[in-house]
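**Student:** Here the protein sequences line up with chains A and B, keeping their order. Under our numbering, the first residue of the first sequence carries the number 1, and numbering increases by one thereafter. Under our numbering, the first residue of the second sequence carries the number 1, and numbering increases by one thereafter.
Simulated from the structure, these hints should not be mistaken for laboratory data. Incorrect hints may have been included.
Copies of the same chain look alike in the list, so a pair counts if it works inside one copy or between any two.
In the DSSO-like style, the derived pairs of lysine-lysine whose C-alpha atoms are separated by at most 27 angstroms in a straight line are [as the list claims (entries may be wrong)]:
id, residue 1, residue 2
1, Lys222, Lys2
2, Lys354, Lys305
3, Lys51, Lys271
4, Lys335, Lys231
5, Lys162, Lys235
6, Lys314, Lys235
7, Lys239, Lys86
8, Lys285, Lys377
9, Lys314, Lys239
10, Lys317, Lys239
11, Lys369, Lys259
Number of protein chains: 2
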Amino acid sequence: MKNYLLTPGPTPVPPEALDAMARPIIHHRTPQFQAILKEVEEGLQSVFQTKGKVLILTSSGTGAMEGAVSSLLSPGDKAICVSGGKFGERWGELCAAYGIEFIPIDVEWGKAVDPEKIKEILQADGIRNMDNGRRIKAVYVTLCETSTGVATDIKAIAEITKNHEAVLVVDAISALGAVPLRTDEWGIDVVVSGSQKGLMIPPGLAFISLSDKALKLADSSKLPKYYFDFKAYKKSIDKNDTPYTPAVNLIIGLNEALKIIKKDGIDNVIKRHQKHAAAVRAAMKALGLELLAPDAYSDAVTAVKSPEGVDSAKLVKTMRDTHGVAMAGGQAQLKGKIFRIATMGYITADDLKKGMETLETVLAELGYKFEKGAGVKALEKGLAS
Amino acid sequence: MKNYLLTPGPTPVPPEALDAMARPIIHHRTPQFQAILKEVEEGLQSVFQTKGKVLILTSSGTGAMEGAVSSLLSPGDKAICVSGGKFGERWGELCAAYGIEFIPIDVEWGKAVDPEKIKEILQADGIRNMDNGRRIKAVYVTLCETSTGVATDIKAIAEITKNHEAVLVVDAISALGAVPLRTDEWGIDVVVSGSQKGLMIPPGLAFISLSDKALKLADSSKLPKYYFDFKAYKKSIDKNDTPYTPAVNLIIGLNEALKIIKKDGIDNVIKRHQKHAAAVRAAMKALGLELLAPDAYSDAVTAVKSPEGVDSAKLVKTMRDTHGVAMAGGQAQLKGKIFRIATMGYITADDLKKGMETLETVLAELGYKFEKGAGVKALEKGLAS
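Chain A with its partners taken away, still in its complex shape (with noise of 0.2 angstroms):
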């Protein structure tokens, strides 16, 4: 049975990129090896969307936003994070792991903040700040939330730190190359990545972009670290080096992803998912279901809701195991209550027809009553838009 992968990562690798990482392995501190990584260090700095140096760490995209915790942040530093979702409930986690004390901003699953909310924190904190001498230093946000299919207004969160001392710091793990993301333009100071959505490649390397006032900020972190130090790393790059054994062939494969980007060209690859995402949820509309982030969708996954009487883990069980579609079910409080079609990295228009043909035949024999094929005529007109 031939599988097709429709869920928010890991996603399909192009053949390129495996063909690449199959290649007898080489020695990383050597000139071949660092001429790879220039390139890659370029490719990664055009899909970032910014001048500044990326971070390239071996650990999956967690790892990065730990990084982005203990490397940025001091004793005593205050921190806000924003939560509508599994994920974003990772950055209140690892502040607490840190001792960070963090306002935390809880959003509906489904829904994305309201920036205004941030704004108001922040001037409050310049207030109080008069009393204790502690200082809200980072704010951090969720660009597409995996666990709910929200996309956040990271350009009007953006305008909004600018003005502060704060940093913003975006998870976009599951948002680079899927959703547009101006780092320098919109002036993000952390941009944090992952290997295995937009990027197209296997799971295992991470990424981070820093401003100058993210890079101030980690000269002066006293938090303790090592492996996520990202002075470190920011020394090695500059020298086409990275401070430990990298994963060296996930590293070789990431060149030849970037390469079809950078072909694409990155503005039409963010266009190719807007395309996909709305045709997916065209099709939504086309079977009657109803998607939970009706008012922040991002293109880069639909979370969609089971129809009543349909538990979605079963609907996702049955379709990955006897037709070989894998989409996403709920996570947490929203187990058996939605499923995701993720439209990311090297999911094709012809993945999705897949996908949504075989989303119609479970959901029947679930029991589910819609007009047969509407969906999959939907995603065809969007397709063909």
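For chain A, the structure is supplied; the task is to place chain B on it using the hints.
**Tutor:** Then chain B, alone, in the frame of chain A:
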């Protein structure tokens, strides 16, 4: 030009593992991947020679070393850090990063630690404890110090730590699968390793085994951590899962590499390393070259003093750039003074022959006088024995 990798990590990757890593990627939260993880876990337990679970991290070996500090210790705990090279030094750096007071045992580079020194400090600690209540909770050592080619007598050290409340933590990154290491039998509490040495796959994965004594310490550990929190990995691996998205294709490649080790048998694999390393040492003697560690050599990597008047950095660079043979030079204080020939993992007898021929060629070019062919002859004799 065909490249020969005789470096102490990354080491060559067998084609079975390369092929497996180039297969279309699968999702990690599936029965399909769980079955692979279960096989990998069993394979690792067999190589680690432990009945305990082996944790699988997506990071370089340094990440797992960090976890062996941050996930085991608490503020106020003390440690012993044995250092006789670049990687031994890392234990002290890690303790310092987390504010852990440590007693350094600095060994001359090229020598192994005398276990009696550890015994003396641990005994004195028991007496001092009555005064201040602070105790040595961990002894950090390196089995094969990659920078010097020294092997440490871990069995003897484990005999000492067994009778003390401190756990013995062994960096076996370049030792695992290359030299004898009987985790349970010898009573080693924590063994740290990585993927790109004896385990024959690319860098990007790290492994940790934990004894019951170490698990207990992890339970009460209060240093800040998140991504390297061993408790989360222990909880997950018990369910054939990982707490964060793992490096899926590296794990799939590892499964193939572990199958090769299983087929050969771990004892035969170790014997092959012993034979290869002994042949390399015999070849060096035949060439009139001196070992850096004649009294404490490791079978994973052999460090050789560059002859008078020959810069080892130039020797290594010429072999690599002109002949495609990659050996390692010296690091830190040994830069330019030694070269290192790895015998670990998938480095074959033929690779070693090619390496020795090239070494003779370039040594002659650089003006060193020796009996031409003597090194190759001694190597071949050793390999045939």
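**Student:** All the hints need checking, so say for each whether the structure fits it.
**Tutor:** Here is how each hint holds up against the structure:
1. When the C-alpha separation of lysine 222 and lysine 2 is checked against a cutoff of 27 angstroms, the pair qualifies neither within a copy, at 50 angstroms, nor between copies, at 47 angstroms.
2. Taking identical chains as interchangeable, the C-alpha atoms of lysine 354 and lysine 305 lie at most 27 angstroms apart only when both belong to the same chain, with a minimum of 20 angstroms there against 62 angstroms between chains.
3. Taking the shortest Cα distances, lysine 51 and lysine 271 sit within 27 angstroms of each other inside one copy (22 angstroms), while across copies they are farther apart (52 angstroms).
4. Proximity of lysine 335 to lysine 231 under the C-alpha cut-off of 27 angstroms is restricted to the inter-copy arrangement: shortest distance 24 angstroms between copies versus 39 angstroms within a copy.
5. In this assembly of identical chains, the alpha carbons of lysine 162 and lysine 235 lie at most 27 angstroms apart only when taken from the same copy (26 angstroms versus 41 angstroms across copies).
6. For a Cα distance limit of 27 angstroms, the shortest separation of lysine 314 from lysine 235 across copies, 25 angstroms, qualifies, whereas the shortest one inside one copy, 49 angstroms, does not.
7. In this homomeric assembly, lysine 239 and lysine 86 come within 27 angstroms of each other (Cα to Cα) only across copies, at 20 angstroms, whereas the closest approach inside a single copy is 37 angstroms.
8. Taking the closest pair of Cα atoms, lysine 285 and lysine 377 come within 27 angstroms of each other only inside a single copy of the chain (11 angstroms); across copies the shortest separation is 76 angstroms, beyond that limit.
9. In this assembly of identical chains, lysine 314 and lysine 239 lie within 27 angstroms of each other by CA distance solely across copies; the values are 20 angstroms between and 51 angstroms within a copy.
10. For the homomeric pair lysine 317 and lysine 239, the shortest alpha-carbon distance between copies (18 angstroms) is at most 27 angstroms, but the shortest distance inside one copy (47 angstroms) is not.
11. In this homomeric assembly, lysine 369 and lysine 259 never come within 27 angstroms of each other (Cα to Cα): the closest approach is 45 angstroms inside a single copy and 49 angstroms across copies.
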